Amino acid sequence: MSTELPVLKPADFASDQDVRWCPGCGDYSILAQMKKVLAETGKTRENTVFISGIGCSSRFPYYMNTYGMHSIHGRAPAFATGLKSTRPELDVWVITGDGDALSIGGNHFMHILRRNLDVNIILFNNAIYGLTKGQYSPTSKVGTVTKSTPRGSIDHPLNPISVAIAAEASFVARSIDTNIKHLVKTMIRASEHKGTSFIEVYQNCNVFNDGTWDYAKNKATKEEATLVLEHGKPMVFAKGTKGIRLNGFMPEVVDLEKVAQDDLLFHDEKADNSQLAFLLSRMRYPEFPEPIGVFRAVERPSYDQMINQQVTDARADKGDGDLAKLFGAGDTWSVK
Amino acid sequence: MISATDQFPPTSKPSESVSGVTVRLAGDSGDGMQLLGTQLTNTSALSGNDVATFPDFPAEIRAPRGTRAGVSGFQVQFSAEEIFTPGDGLDALVCMNPAALITNLGDLKKTGILIVNSDSFEAKDLKLAKLDENPLEDGTIEPYRTIKVAMTSMTRGAVEPTGLSVKLADRCKNFFAMGLVFWLYGRDVEPTLRFIDKKFSSKPEIAEANRLALKAGWHYGETTEDFASTYSVPAAELSPGTYRNVMGNQALAWGLITAAKISNKELFLGSYPITPASDILHELSKHKNFGVRTFQAEDEIAAVCSAVGAAFGGSMAITTSSGPGIALKGEGIGLGLILELPMIVIDVQRGGPSTGLPTKTEQSDLMMTMYGRNGDSPLPVIAARSPSDCFDVAIEAWRVASKFMVPVIIMSDGYIANGAEPWKIPDPSKFEKIEISHPDKPNDGDNFLPYKRDENLARPWALPGTPELMHRVGGLEKQDGTGNVSYDPDNHQHMVETRGKKVDLVAEFVDPAKVEGSSSGTLVISWGGTYGACHTAIKTCNAEGINVGHVHLRWLNPFPRNLGEIIKQYDKVLVPELNMGQLGSILRQKYLVDAKGLNKIKGKPFQVNEIVDGIKAIAK
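Chains as they are written, first to last, in our numbering: chain A, 5 to 340; chain B, 3 to 622.
Bear in mind the hints are in silico, worked out from the structure with no lab data behind them. It is possible that some hints are incorrect.
[Stated by the list, open to error] Pulled a few chain B residues facing chain A out of the computed Cβ check, cut under 10 Å:
no., residue
1, SER21
2, ASN44
3, ARG196
4, ARG246
5, ALA509
[As the list claims (entries may be wrong)] Derived list of chain B stretches under chain A, where covered just means 3 residues or more per stretch with a C-beta under 8 Å from a C-beta of chain A:
no., stretch
6, 183-193
7, 293-299
8, 469-479
9, 548-561
Predicted model only: the values in this text are computed from it and were never measured. For every residue, glycine included, the Cβ atom is placed at its ideal position computed from N, Cα and C.
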C-alpha cells in the first residue's frame with residue numbers, strides 16, 4: 005500500500021478568487037510560474053505564506069490558496085520579519101513592486117536583506133506606478149513622461165540589483181516575466197536558498213508602461229540584450245558570439261572570434277566579496293547585455309535561525325523562565 | 003569588606019521621628035544623582051517605608067557641565083504612611099552646584115534643609131550657571147536652614163589612601179553626599195555596600211574609594227555641629243507580604259512576560275529605541291529564557307508591522323514606543339485592527355508635540371491613541387496609574403486583546419516609567435490563566451470562515467501551518483465571514499460598526515468604575531499617572547470637609563459602563579490632566595457634562611496642592 009502524501013499540482017495552489025489584473029499584465033505569468041514552483045518543490049499550502057505590500061503585484065496573496073497577508077505599502081518585509089522570526093518552519097514569500105520595495109519601503113527592503121531573514125522576495129519591476137494609474141517609479145529612467153512628470157522625470161533611478169548587493173543580500177537574481185523556464189529555475193533556486201533571496205523580475209505593465217523591457221524580451225534583440233549567468237561559466241552571450249572580458253576594473257564586450265573563451269570573465273556567484281556581482285549589476289543595455297540569473301548566492305546564518313537560537317541558548321543556560329525567581333531576584337523585604 | 007556597624011555606628015545625636023520625608027538630590031548630569039536617588043529609595047523601601055520617586059533628568063546625555071540645562075534631579079518621598087506621590091514641597095534639598103541650587107530652590111519648604119557642596123560655588127561655577135552673584139552670599143538662601151559642606155575637598159581627602167587621581171576621586175562625591183543623607187535619616191548602609199561590591203567588582207580601587215567617601219559623609223554628619231539631630235521615619239503599615247521596588251517600565255515588562263506565561267504564549271516584541279520607552283525593550287531582551295523574542299527594528303513602522311506579523315503567526319505580539327513613534331505606527335496599528343489580530347501597543351508618553359520634551363512627562367497622547375488613525379478605527383485603550391500598576395495593566399490588556407481579537411493600547415508616561423514604588427510580589431501560581439484557542443478544523447462545513455464571529459464578535463485566530471484553514475487577510479475591507487475583499491456598501495457599514503461594537507463590548511468584560519470619597523458634590527475624574535496626586539488631594543479635601551469624590555479611569559476606551567450614572571450624581575466635574583484637556587473634551591462630548599479642566603503642561607507631574615487648589619476653586 006502506498007503511504008505517499010498526495011502530490012499537489014499547480015492548480016491546487018489557486019485560491020477561489022478571480023484574478024483582477026489587467027488582461028495582458030506580466031503578473032499573470034509570475035503567478036502561474038509560482039504555482040508551478042510550489043508544486044515542483046513539494047511545498048504544502050498550509051505551510052506557505054505570501055506577504056505583500058501595496059501595488060498591483062501586491063494583490064498576489066489573494067490569488068494563492070495558501071496563508072497570506074496583503075499588508076500596507078512598503079512594509080511587507082517587516083511583517084515577514086515578525087512572522088518568520090516566530091515561525092521559522094513556515095515558507096514565507098514577500099511579493100513587492102518597484103515602488104513598494106524601493107520607494108516607500110526602501111528602508112525595510114535594505115534591512116531585511118542585511119539581516120538575511122530566510123524568506124524569498126520577488127520584486128515585480130515594471131518601472132511605473134500602475135495601481136495609482138501611471139506615475140513614474142524609482143526605477144523609471146530619467147525623462148520618463150507620466151501624469152506626474154509631464155516634462156519628464158528628473159530623479160535618477162535606482163538599480164534594484166545594485167541596491168540589494170550593497171545591502172549585503174546573500175542571494176540576488178534577475179529574471180523576466182515571459183522567460184518562463186528561466187523564471188521557474190530562478191525561483192526554485194531562490195526557494196532553496198537559506199537566507200533572504202531576492203529576485204528582480206522584469207515585468208511588463210501593458211497599460212501604463214508597455215514595452216519597457218522589450219529589448220530583453222523580443223526575439224530580435226534579446227540575445228544581444230541579455231546575458232544568462234551561470235556559476236563557473238564564462239560570460240558569453242549573443243548566441244555564443246560575444247563575451248564579457250575584464251579590462252582593468254571595467255567590463256568590456258568582446259568578439260569571440262577574436263578572443264578566447266578562457267580570457268573571458270567567469271561567473272562566481274559564491275565569491276566572498278560582492279565586487280563581481282556589483283560590477284555585473286551595473287551592466288545596462290545597450291552598452292552591455294543585462295545579466296539574468298543568479299548574481300550572488302552566499303551562505304550566511306539567517307536572522308530567524310539566530311533569534312531562535314538565542315532563546316534556546318537562554319533556556320539551556322538559565323532554565324525555562326520562572327516567574328517566582330524573576331520577581332524575587334534582588335532586594336526584597338517582608339511585611340508581617 | 004567593611005562591617006557596617008563598626009564603620010557606620012548609629013548616631014549619638016537625638017533622633018526626631020517624622021511620618022514622612024521628601025528629599026531631592028540635584029546636581030550635574032554627571033554627578034551621579036540618579037544613582038544616589040536609587041540607593042536612597044531602595045534602602046528606604048527595605049527599611050519598610052512606603053516610597054515614591056520622581057527622577058527628572060535632561061534629554062542630553064552630558065549637557066555642558068555646570069549649566070542649568072545639565073541639572074539632573076531625583077526626588078523621593080519615604081514615609082511611615084501609605085503614599086501615592088513623590089511629594090510636593092521638599093523637606094531636604096541636596097545641591098551639588100549653583101545651577102542645581104537655582105533651578106530647584108523654589109520647591110524647598112521654608113522649613114526645609116538645604117545641603118550644598120560649597121566647593122562648587124567658585125566664580126567659574128557661578129558663570130556656568132549664569133549667575134552674577136553667589137546665591138550662598140546674596141541672600142537667596144536666607145530663608146532656609148543651609149548646611150554648607152565642602153564635599154569635593156572632603157571627598158578628595160577621604161579617598162586619598164586609594165591613590166586615585168583627582169578626577170576619579172571627584173566622581174566619588176555623590177557617595178559622600180549619600181553618606182551624609184543616610185546618616186541624617188538613619189538609613190541602613192548595608193544594601194549600598196552590597197551594591198558597591200557588585201557594581202565595582204572589577205575595579206576594587208573604585209569600590210574602596212566609594213566606600214571611603216560614603217563613610218566620610220556619614221561621619222561628617224555625626225561630627226559637624228551643623229546638625230543637632232537626625233530624623234527617623236518608621237516603617238509603613240503595608241499589607242503583609244514580600245515586597246520589592248519596581249519601576250514602571252520594569253513592571254510593564256514583567257507584566258507582559260507574565261501574561262505570555264499564563265496564556266501559554268511566546269512573546270514577541272518589535273521595538274525601536276525611544277525615550278522613555280526603551281527600558282521595556284532592554285528589560286524584555288534580558289528574559290529570552292521565558293520564550294521572549296525581541297526585535298530591534300529599523301524604525302517605528304517596522305516595529306509595529308513586525309508585531310502584526312508575529313500576531314498572525316500566533317505569538318503574543320507587542321510594540322512599544324512614545325508619542326512620536328506611535329504617530330508613525332498609526333497605519334500599522336490600523337492594519338492590526340482590520341486584520342482583527344490580538345496585540346499590544348504601548349505608548350509611554352512624553353512631552354509633545356513633535357520631539358517635544360523627551361525626558362519629561364505629559365498625558366497629551368490620549369486623543370492620538372483614541373482617534374489617531376485613518377478611518378473609523380476605535381481600539382481599546384487602558385492606562386496605568388502607577389509604576390506597580392503597570393504590571394496588572396499589561397496582563398489585563400492581553401486578556402482583552404486575546405479575548406476580543408483586537409490590538410489594545412496601553413498608556414504609560416515618563417513619570418510612571420521611571421518612577422519607583424514598593425510592589426507586593428504576587429504568587430505566580432495564583433494568576434488566573436488566560437485561555438486562548440486556535441481552530442484546527444473548518445467552521446462552516448468543509449469551509450473555513452476566517453471572519454466568523456463568536457459571542458464577543460471575535461473571529462477565530464487560525465494560524466499558518468494549520469491544514470485546511472488557509473486564508474488571506476489584508477487591509478482592504480473584507481466581507482464579514484469569508485474575509486474576502488469586499489467593496490459592498492452595506493458590508494462596509496456593517497464591518498465598521500462591528501469593529502466599533504467589539505470595542506464597546508469590552509466594557510461588559512472589565513470592571514466598572516469605583517468611586518472614592520464623597521458620593522455627591524464635586525467629582526474629580528482622572529486617568530493615568532495623575533492618580534497619586536488626585537487620590538491624595540481628594541483625601542486631603544475630604545479631611546477638610548469638602549464634598550468631593552474621585553473616579554480614576556483605567557479604561558479610556560471603552561469608558562466604564564457605569565461612568566454616565568456616576569457623573570449624574572455630582573453637581574460639578576473636574577478633570578485634572580497634564581495636557582490641554584483631552585479627556586475633558588471626550589467626556590463633554592460623550593456625557594454632555596460641563597466638565598472643567600485643570601490643565602498643566604510643564605513636563606512635570608501634578609503636585610497634590612495644585613489639585614487641592616483646583617478642587618477648592620470649583621467646589622466652594
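Results of checking the hints against the structure:
Interface restraint check for SER21 (chain B): the shortest CB-CB distance to chain A comes to about 17 Å, outside 10 Å, so the restraint is violated. Hint on ASN44 (chain B) holds. Least Cβ distance to chain A is approximately 6 Å, under the 10 Å limit. A least Cβ separation of about 8 Å between ARG196 (chain B) and chain A falls short of the 10 Å threshold, and the interface hint therefore holds. A least Cβ separation of about 5 Å between ARG246 (chain B) and chain A falls short of the 10 Å threshold, and the interface hint therefore holds.
Evaluation of the ALA509 (chain B) hint against chain A yields a violated restraint, the C-beta minimum of about 30 Å exceeding 10 Å. Remark: the stretch 183-193 of chain B is not confirmed as covered by chain A, as 1 of its residues place a Cβ nearer than 8 Å to a Cβ of that chain, below the required three. Closer than 8 Å: that is the beta-carbon criterion, and the stretch 293-299 of chain B has 5 residues meeting it against chain A, so the requirement of 3 holds. For the stretch 469-479 of chain B, the stated coverage by chain A holds: 10 residues have a C-beta nearer than 8 Å to a C-beta of that chain, and at least 3 were required.
Coverage of the stretch 548-561 of chain B by chain A is violated. Counting CB-CB distances below 8 Å, 0 residues qualify, and the rule asks for three or more.
Violated hints for the displayed structure, listed by number in ascending order: 1, 5, 6, 9.
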